[in-house]
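Line order of the protein sequences matches chains R, C, V and L. Count the first sequence with our numbering and you get residues 2 to 89, in order. Count the second sequence with our numbering and you get residues 18 to 121, in order. Count the third sequence with our numbering and you get residues 9 to 318, in order. Count the fourth sequence with our numbering and you get residues 85 to 568, in order.
Source of the hints: derived by calculation from the structure; they are not laboratory data. A quick note: this is a predicted structure, and the numbers were derived from the prediction, not measured. A hint or two may mislead.
[Stated by the list, open to error] Pair ranges (Cβ atoms, derived): (1) C:Glu-107 x V:Val-191: 33 to 41 Å; (2) V:Thr-264 x L:Gln-284: 39 to 47 Å; (3) R:Leu-15 x V:Leu-99: 31 to 39 Å; (4) L:Gly-351 x V:Leu-108: 25 to 33 Å; (5) V:Gln-138 x L:Leu-366: 25 to 33 Å; (6) L:Leu-501 x V:Leu-105: 37 to 45 Å; (7) C:Glu-107 x L:Thr-530: 25 to 33 Å; (8) R:Asp-3 x V:Gln-138: 33 to 41 Å; (9) C:Glu-107 x V:Leu-190: 51 to 59 Å; (10) V:Leu-108 x R:Arg-4: 51 to 59 Å; (11) R:Leu-7 x C:Glu-72: 20 to 28 Å; (12) L:Phe-508 x V:Leu-271: 55 to 63 Å; (13) V:Asn-216 x C:Leu-23: 30 to 38 Å; (14) V:Pro-100 x C:Glu-107: 51 to 59 Å.
[Claimed, not checked] Straight-line distance between alpha carbons at most 20 Å, and here's what the computed PhoX-like set of lysine-lysine pairs gives: (15) V:Lys-80 x V:Lys-186; (16) L:Lys-116 x C:Lys-106; (17) C:Lys-106 x V:Lys-80; (18) V:Lys-80 x V:Lys-34.
[As the list claims (entries may be wrong)] Reference listing, derived: stretches of chain L covered by chain C, where coverage requires no fewer than 3 residues with Cβ under 8 Å from a Cβ of chain C: (19) 419-426; (20) 497-506.
Just so it is clear, CB atoms sit at the ideal spot from N, CA and C, and this is done for glycine as well.
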Amino acid sequence: MDRLYLILTLFLLLNLAAGMWRVLRGPSAVDRMLASQLFGTTAVAILLLLAQLYEREALRDVALLFALLAAVTAVAFVRRLWQSHEHK
Amino acid sequence: MNSAILYALVGVGIFSLGLYALILHPHLLRKILAINVMGSGLFLVLIALAKRTGEPLPDLVPQAMVITGIVVAFSATALALALMVRVAKENHRAELSDDESQQP
Amino acid sequence: MLFDALLGLLLLGLAWLLLSCRDLFKAIVLFVAFGLLMAIVWVRLDAPDVALAEVAIGAGLTGALLMSALAKLPVDNPPGRYSNEKTHWLLPLTLALMLLLVASGLGYALWSLPVIAPGLSGEVAANLEQSGVSNPVTAVLLNFRGYDTLLEIVVLLLALLGVWSLNSLDATPATAEKPANLVLDTLMRLLVPLLILVAAYLLWAGANSPGGAFQAGAVLAAAGVLLLLAGWRLPTALAGLPLRLALVAGPVAFITLAALTLLNARLLELPVEHAGMLILLLETFAMFSIGVTLAALFLGQRPQERGGSA
Amino acid sequence: MILHSETPWPALLILLPLAAAMLSFLFPRSAKFTGVVTAIIIALAVVGFGWHLQSEGVYRHAVGGWGAPLGIDLYGDGLTLLMLAVTALVGLAITLYSLDYFNTEQARWFWPLWLLLWAALNALFLSADIFNLYITLELMGMAAVALVALKGGRDALNGAMRYLLATLLGSLAYLFGVVLLYHGYGTVDIALLAERIDHQPVAWAALGLMGAGLLLKTALFPLHFWLPAAHASAPAPVSALLSALVVKASFYIFLRLWFALFAPLGGEVAWLLGLLGALAILWGSWQALRQTRLKLLVAYSTVAQLGYLFVAFPLAAVAGVVLWHGVIYLLISHALAKAAMFMAAGNLLRFGGHDRIVDLNRSVQQLPLSTAAFALAGVSIMGLPPSGGFIGKWLLLEAALQQGQWALAAVMIVGGLLAAAYIFKVLGYAFTPSTSREESIPIPATMAWAPLLLAFASILLGFLAPALFSLLDIGSPFERGAGS
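Produce the entire structure from the sequences given, and follow the hints as far as they go.
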């Protein structure tokens, strides 16, 4: 069972690497931002798996915070940067 | 090579990358990013080496120190960003002006 | 081990990319991703308290702050030189070689450390019962090394003083938010109460499990940031002394407690039987102040007071 | 009981300026009153602390009752006392000077920032814990940067930004050293580290990192690149406290760590420090001589005078405690004299509306007190008898001559001559009879007297040597350095 979790987390980690590629390639700011949101989602999944693997409740709290704070950065992007950046 | 020393070495690497960028890149935002990256590398060294207790539970004092460090780093970043915005307005670019300094 | 090696490589790669890519926005996005990856590393290293702080402050709020600052840079600003193009190629090379040397030296110093070193884990465990809380990290932060924490929340307030003083000398008025749309409005209505609830939970949980005033304060600040982004502003009647009182509540609670403990002739010595209660009280004030301070740092400009003077 | 074994003076020295900073932020209208009252109580508390040290000997206080290594200890000896006393004296003068210096909007930020900086300085001098020292360093550095930026305008903002980047980099390097020492020796308490430290690679790496970080903050040549712009472009009282106190605070930490931890490690390092110090004297003095603006001249003079503090390191192995007395004497008299100089320069600048040295004529007739303060402070900077600067430089020179270090002795003498040259250059222009009449702003009495009193104090220091040396010996802070 543990091995399964480990393989899954490794797979998700590779997903992160793939997401990084999208952040790098863009081409638009929105692409990058969405990729980083995907980053957050994948990280949540990794954390939940690790929580199961280590049997530590607290990691679910970390995952929860991940999800919540990702929303805040997304809103900050949309409100402060989106228009001005796209115009450049 | 255990995971403690592995992460500690990664921390040193991150710290050095940050220092390289801090010295080399003139744009202030990148300098501020570099300082933050250096801080992260440093925190990584601090926490990774705390794993060497020989028991399942790590030494927790460094973790408290890093939480303090994260808050201090955030404070410094906030001040630096505000200063950067003002400097950028004065200089018309987000770089330090080097015309008033006589030394190399 | 494979997982760790992969994670380490990813971290190094991200650090390199975010510091070397030409587009600053890309650099910020990569920085946020870097912070999230750091949080996973903290979890791997058995540091969930740090992971919480990193996600909330290190990646979340710093990311929002960075984007906000990038948006404030002059628009006609030519895109920043990637590196100092006036310099000869020899300089980066020399610098890289020197840093490689320094890093190898540091690596060697770390390598030569003993494989087993208990640090202070024994002392922490032995005194945990007298600390008033059962989460050792909270015990260190609020009791064993509470004096550090007192100075630390003062640092946070100091940053706000600095930012406000900088902006008060700037003549340009604060940027007005665009009017909120339906999506943002709904999101805000959903998220803000949830964030406040989570903050309260983290504060309460901090005594026994990962969490505590800083993480809770950061989550509270996230709620504030959302409100600010949706165009909400502090009523002018509250922007003067009431706001300042909210900002100093945490430091003042700490200083008052320190002064009171002096009556017993020892700075910040908490009586064992009341330590748990005092820590919770202190953390509540601290969380509140930290939340307000972080949100105010995000806004940057000092809110408009009644009577006009900004 | 309170007055016996556990005097709360040191805790008061930390908590009072913190509380006063909060008060002045909450109630900006009474901030000046808060500031003056705080400055007076701090002065009294330092006297109380000195009395305690005299009667009880070295002070050690376990904050929270835990004690090192788990908790944080406060520590005080003669060196701590003198640093606190200089800070109290210069702080009082700066407080009085600042009452009328700032406009309303600046004053609103100056008072809380300055009081926080004061709290940071006191906490720094009293700390026995290298991680706690890191936080005080950050508190001090960020407050100092915000105070520099208070002036507004292009020069001050650029100076503040450069200063912030330098000070943050210095803090990070220092913190890396803290990390290494903690993981190498399992504690962050200086006294415990002193017992445990050995010739491991981590100790060497920590010396390198902490040394580099602290010397960057102390602006030792060639790490001084940030100092002239920051110190010259700040508001006058801020320039005074940066040059007098803030650079000295990081030097103080370096000195503490040197004696407790690193002196046994580094004989060659001491020579490197001496070499850099000598270069700082020559380069800083030469640059000061070349400046056309008064505040930049004074700022470069700081770079030079800081060099003297480091020339002592290679001489110490033979010369011992007396030499360190000389260094501390030099440090104190420079703090007093340089604060006086920057404040006097601030008066000249405010009066004439500029600080171009060639156009300083008229000022003697119009600002006799400020010019006198500048001249008296200059006597101490040059190292002429009977000033405090003379005693310090004489002890250094004597050690160099006794050990046959002719090159170091020559550098010190040349530095003194150059100092005389740049100070007489200013005074020469100031005494030139006036030809033009410009609009001028009158200087309030406190602003005229504060620098003069500090300048007097730096001269007077020359007569107090025996008393101060005996105070400095409480807890023999220089023992390890002298022995090795």
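Evaluated hints:
1. C:Glu-107 x V:Val-191: 33 to 41 Å: holds, 38 Å
2. V:Thr-264 x L:Gln-284: 39 to 47 Å: Given range 39 to 47 Å: holds, Cβ gap about 44 Å.
3. R:Leu-15 x V:Leu-99: 31 to 39 Å: holds, 37 Å
4. L:Gly-351 x V:Leu-108: 25 to 33 Å: Check passed, 28 Å falls within 25 to 33 Å.
5. V:Gln-138 x L:Leu-366: 25 to 33 Å: At roughly 57 Å between Cβ atoms, L:Leu-366 and V:Gln-138 fall outside 25 to 33 Å, so the hint is violated.
6. L:Leu-501 x V:Leu-105: 37 to 45 Å: Hint holds: Cβ distance 41 Å, inside 37 to 45 Å.
7. C:Glu-107 x L:Thr-530: 25 to 33 Å: Given range 25 to 33 Å: holds, Cβ gap about 32 Å.
8. R:Asp-3 x V:Gln-138: 33 to 41 Å: Given about 37 Å between the Cβ atoms, the range holds.
9. C:Glu-107 x V:Leu-190: 51 to 59 Å: violated, 40 Å
10. V:Leu-108 x R:Arg-4: 51 to 59 Å: violated, 38 Å
11. R:Leu-7 x C:Glu-72: 20 to 28 Å: holds, 23 Å
12. L:Phe-508 x V:Leu-271: 55 to 63 Å: Holds - the Cβ-Cβ distance for L:Phe-508 and V:Leu-271, about 57 Å, lies within 55 to 63 Å.
13. V:Asn-216 x C:Leu-23: 30 to 38 Å: Holds - the Cβ-Cβ distance for V:Asn-216 and C:Leu-23, about 31 Å, lies within 30 to 38 Å.
14. V:Pro-100 x C:Glu-107: 51 to 59 Å: Given about 28 Å between the Cβ atoms, the range is violated.
15. V:Lys-80 x V:Lys-186: holds, 15 Å
16. L:Lys-116 x C:Lys-106: violated, 32 Å
17. C:Lys-106 x V:Lys-80: Given that 20 Å is the threshold and the Cα spacing comes to 9 Å, the pair holds.
18. V:Lys-80 x V:Lys-34: Roughly 16 Å between the alpha carbons, so the hint for V:Lys-80 and V:Lys-34 holds.
19. 419-426: violated (count 0)
20. 497-506: violated (count 0)
Hints 5, 9, 10, 14, 16, 19, 20 from the list above are not met by this structure, while the remaining hints are.
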